[in-house]
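Q: Sequence:
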Amino acid sequence: MSRILFWVALFILVAFAVRTKLRSMAPKNEAKRPPAPLGPDGEAMACCAHCHVYFPSSEAVQAGGLQYCSPAHVRLPPQ
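So for the sequence shown, numbering that gives the first Met the number 0 puts the first residue at 0; every next one is plus one.
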């Protein structure tokens with residue numbers, strides 16, 4: 000009887016160790032960006048690279064791969 004209990008306990012420990020190892024090897028979703036928030040009219044919002052104010056993405060000024068709320072902020076450094 001004690002042999003059966005030993006093998007069952009050993010199997011459970013090995014299964015737990017394998018499960019823990021597989022979870023640690025799983026890719027993390029930390030690099031994913033959160034979805035853009037929606038404004039009151041359902042339009043996606045963008046965040047200014049300089050002042051971090053949210054505004055409708057249709058009004059965004061694109062420069063250097065970043066979005067700005069106005070042409071004046073394009074000339075300022077992103078924060």
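Since the hints were derived computationally from the structure, they do not count as laboratory data.
Treat the hints with care, as some may be off.
What the hints assert, rightly or not - Label-pair distances were calculated between CB atoms; the ranges are:
no. : residue 1 : residue 2 : range
1   : L65       : L9        : 24 to 34 Å
2   : I11       : D40       : 49 to 59 Å
3   : D40       : Q78       : 21 to 31 Å
4   : A14       : Q78       : 45 to 55 Å
5   : F15       : A62       : 47 to 57 Å
6   : L9        : P39       : 56 to 66 Å
7   : A62       : A16       : 48 to 58 Å
Ideal Cβ positions, reconstructed from N, Cα and C, are used throughout, including at glycine.
Q: Confirm or reject each hint.
A: Structure-based check of each hint:
no.: 1; hint: L65 - L9: 24 to 34 Å; verdict: violated (56 Å)
no.: 2; hint: I11 - D40: 49 to 59 Å; verdict: holds (55 Å)
no.: 3; hint: D40 - Q78: 21 to 31 Å; verdict: holds (28 Å)
no.: 4; hint: A14 - Q78: 45 to 55 Å; verdict: holds (49 Å)
no.: 5; hint: F15 - A62: 47 to 57 Å; verdict: holds (52 Å)
no.: 6; hint: L9 - P39: 56 to 66 Å; verdict: holds (60 Å)
no.: 7; hint: A62 - A16: 48 to 58 Å; verdict: holds (51 Å)
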